[in-house]
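Visitor: For chain A, the structure is supplied; the task is to place chains B, C, D and E on it using the hints.
Protein chains in written order, with my numbering: chain A, 982 to 1097; chain B, 10 to 367; chain C, 572 to 729; chain D, 7 to 377; chain E, 2 to 153.
I should point out that these hints are in silico values taken from the structure, not numbers from a laboratory. Honestly, I wouldn't trust all of these hints.
With beta-carbon atoms standing in for the labels, derived distance ranges [said to hold, decoys possible]:
#, chain 1, residue 1, chain 2, residue 2, range
1, D, K181, B, M303, 28 to 34 Å
2, E, A90, A, Q1016, 38 to 44 Å
3, C, N635, D, T289, 47 to 53 Å
4, C, L585, B, M303, 28 to 34 Å
Note that beta-carbon positions come from the ideal geometry of N, C-alpha and C, so glycine has one too.
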Amino acid sequence: MGATSMIVLILAALTFSTIAILIAKIVTKATTNPQKGEPYECGIPTKGKTWTQLNVGYYLFALIFLIFDVELVFLFPWAVVAKQVGWMALVEIVIFFFILFMGFLYAHKKGALKWV
Amino acid sequence: MLSFSDISKFIDSWLRDIFNPTWTMVIEMMIAGVCVIGLFAVLGLVLVLMERKVAAWIQIRLGPNRVGPKGMLQSLADTVKLLVKEGMTPDGADKFLFNFAPFIAMMVAMLLMAPIAFAKDFQLWDMNIGVLYFSAISSIMVISILMAGWASNNKYSLMGAMRSGAQIVSYELSAGLSILAIVVLSGSLNLNDIILSQADGWWIFKGHIPVIISFIIFIIAVTAETNRAPFDLAEAESELTAGFHTEYSGMKFALFFLAEYINVFIVCAIGATLFLGGWMPFHIGHWDAFNHVMDYIPSSVWFFGKTFFLIFLIMWFRWTFPRLRIDQLLNLEWRFLLPISMFNILLVTLMAILGWHF
Amino acid sequence: MFIIKYIKEVFSGLKSLAVGLRRTLYYFTHHKEIITEQYPDNRETLKLSDRFKGEVVMLHDENNEHACTGCTACELACPNATIKIITQFDITPEGKKKKALDKFVYHLELCTMCNLCIVACPTDAIKMAQTFEHSVYDRSELTKILNKPGSHIRAGVE
Amino acid sequence: MVEEIGTTVEGDVLINVGPQHPATHGVLNLLLTINGETIKKVEPHLGFIHRSIEKMCESLTYRQFIYVTSRMDYLSAHINNHACALVVEKGLQVEIPSRAKVIRVLMDELTRIASHELWWGAMAMDLGAFTPFFHAFRERESINDIMEETCGARLTMNYIVPGGVMYDLHPDFQKRVKDFITLYKLKIHEYDEMVTGNIIFQNRMKGVGYLSAEDAISYGCTGPTARGSGVSCDIRKLYPYEVYDQLDFDEILETGCDSFARYMVRIREMNQSIRIIEQLIDTIPEGDFQAKTKAVLKLPKGEFYQRVETARGEFGVYIVSEGGNTPYRIKFRSPGFSNLSALDQMARGSKLGDLVAMMGTLDLVIPDIDR
Amino acid sequence: MTNDALKAKITELLPATGFEEGGQWLNINVEPADWRLLAEQLRLDASLQFDYLFCLTCIDWKTHLTMVYHLDSTKFRHNIVIKAKLDVAKPAIETVSDIWRTADFHEREVYEMFGVDFINHPDLRLLILPDGWEGKRPMLKNFEDPVNMIRL
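Pulled out of the complex, with its shape left as it was, chain A reads as follows (with noise of 0.2 Å):
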């Protein structure tokens, strides 16, 4: 069916969600009291803000990830043609993740990896 076939599917996605929340908020009946629409921590009422600076120590993750998503990238073009383009393609291949590879020993070795 070709690229039209991408609205169908999210047509569909959104008219079943849609549906299914709909006959859910006709067939259920809503009652309200002010401990319903607390954030849920266990019982207990929450204390200081809840959309806080959350120290998750994974930016530097972020940030490796993103030059090896670009190498992926970069690696699929590669892929299709590796095997017709024959020994230069794995010469290639090796200089790239060589350099790739150094890059992220070092990461490694100043500790990039760590979770903090």
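Guide: For chains B, C, D and E alone, kept in the frame of chain A given last:
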């Protein structure tokens, strides 16, 4: 022999006889949409039941056996239950993002259906970059989780979402690299070409050890990407109560739940396509007589059989292993999976160039 | 060497996982190991051991006679006031007044099945029954009167 | 509740774990100060199910108060009852028949195994593996059946009375226990296959929740928690009661000081309990199961203390008597209370995911802590 | 060490101590003011080394309160019991939570149940009781709570 492709061709030609091409297209699209929704619903029901039965048998229990014959209708009853539950929005939440997140999850799951070949010549979109499309769309999934976690106004949700971000982002790489191994071997990004390249044997048998390694890495990586145990840190119930969907209830929760199971199905379908030949029957080299016998089994049976085998594998993992810790999870990716898969791709390239595969 | 250690690490890890997977696969394929009690279905065959402490009952014989003298030993023995004994005065054939049991009130909702009342009873009038399905719709139904209406103390029990 | 806690810096988040949390196994509230995933401080808030058992016991007689103690550490209910009976007997100076002694010890060890089985399953579940929980219950169930047959109840047995036990052993008891031992020996290696040897599990456990021997003693940790740090504290060995001094068993000590050491102590302890049962099961002496005691027990004026080893550690009963038929003051020294106090020390600087591993290996039973 | 040796040793450390014998263990009566000093010596003295405080509690005698400390030595395995008489109107004693850290929780429990003020305790607030119970002393004999207490 009646097959899915015959049916679709028949409907197509029948519609073309009656309507003009534009209307044919519209009607076909509607039929496709309804079919996909139906498949979605059925898969959700089947997979939930399957999960519960697998879990029960592993845990020396019987599992659901009350609703319907042998508990077959249990997940239907669950759906009805979820339908009559109130879908709350917490007071402090970002209302728009909170309510929109499940839609994104559903859309991603639905979009991933496009390149999958369910049977011979039965595919929604035979695109020439199917593998890339899969990688690209599946990484959108994390956005819905981040959205849900952030919008919930709950610390557990936020932490779950952040964990999920770190996790999916990391495992994206090794999943991509293990897929690349097959791309190198088959020389195409088109899923149909990849399937056809396995006509004389599936890649997992043809490709020796390197392909088996990339298959193992693929299974680990997609288990992590779909947030399934032992990598279910985003919803680790003993740490974060329910992680990113702590605040979700009723149908909105059900949509997340459904999307998770559909994602499991899709990644297993992709795995089956790449490593186990998709709808391609079990063929051995040039044993034509044997291959011919195998061809009698419909292609859709092959496809679903392989896919469900992989789904069972993932469920089996879930009910066997304890959960990893967040730093160990990233350690596994960056210290083990990534270097191994990088080295593996070199091996596969060498093998492809030398023609050592069968 | 680093590489060998690394490979060994990977393999020993995978092996330990495979051992676990083999065990769960064994149970997945061996349904004979399933130990689930089919509880509501096996009500007829389900037999609790004769010592099981389900609730306190009073023994009555075929003449609707029990052995309770109303001595309140059980009431005193009970740690949480589960038992309340209401006595009355009967007129014996000789014309004498005699203390006798009127109502043996038993609060099942307070009972912890500690068995102290049974031990304390000097005439073995009460015992533990092997029932366990105690749920009712109204809490007041859990307050029971153990002596049957019209029952009398058995002759000869002091 | 507390408003200001320690020094909080930018990025520190206060988060409540419990009372309605899957990992606390009860209603325990831990207020965590976390920075990212790293725990900076753990502050337990107790009392959600405090029933003031000590106060209750002041108005119960010496026969009655024993049943209440089953409701403290309900997983070692029998051992708690045992301690109370021992302290009353100490006050009355009653010598109980040897049959009763052996029965009590047998039941103690069965209770200990049942408790450790439940702990094993629950701890694996905390770490995200659900299956072990059900497998542990298979063995535990057969112990519960034995208990039901002899004591009349599955969890809060109230089988021990001052002077002996409430009734004699069930005629099938020996056979049932031997069947259980066979089952246990058949299945125990599966525990190692599914959990102990698992690489993920080992990584989650090793080096997590470090508690040095000095800290363990100073915090009053007992039982497997302290023995995982190499502190010898088994009351059965150090201050033997009943027939423990005639038995041949080892005190399990591990020197890892981490969660894995505590885990291994419990696993190995189960085997020691089996060893004790095997020694006793064929040689249960004949005779009375109860000593003759008065109907109303009155302890002489004075103070009595009895220490026993429950599945979680040292359980102490301290009775101050004024000569009446009820205790004047009674104090239960529960192992969980002291073990919990070490959690803050253990958890600082570790990850949020480690907290459940630590709490799992501390084997907290909340009614035991709250009393 | 035997009880007699312990007695001699402790008399040496703190001459004005009263002993009670006949119980399970050697009982030592100390004045609250002397307790802190004795505690440090009991913990640190090379021949005593009472490093394990296995029970800490309080008894309400209506006229006075008695703090009871049960001590054990993991090295020598000898036990003693220390008792300190406190004034019922304003009970106060020095904390030992820095000597035996288990005393931290136990002293907080005694504080909320008996109202004993532990001087220099780092974190003396309610542990078990909920907010609003400050000042009430539920374990005292004269405590009455018509709502939460059920008399049989």
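Visitor: Next step is simple, just say for each hint if it's right about the structure.
Guide: Hint-by-hint comparison with the structure:
1. D/K181 to B/M303: 28 to 34 Å: Check failed, 56 Å falls outside 28 to 34 Å.
2. E/A90 to A/Q1016: 38 to 44 Å: 43 Å, holds
3. C/N635 to D/T289: 47 to 53 Å: 49 Å, holds
4. C/L585 to B/M303: 28 to 34 Å: 31 Å, holds
Hint violations for this structure: number 1 only, all remaining hints satisfied.
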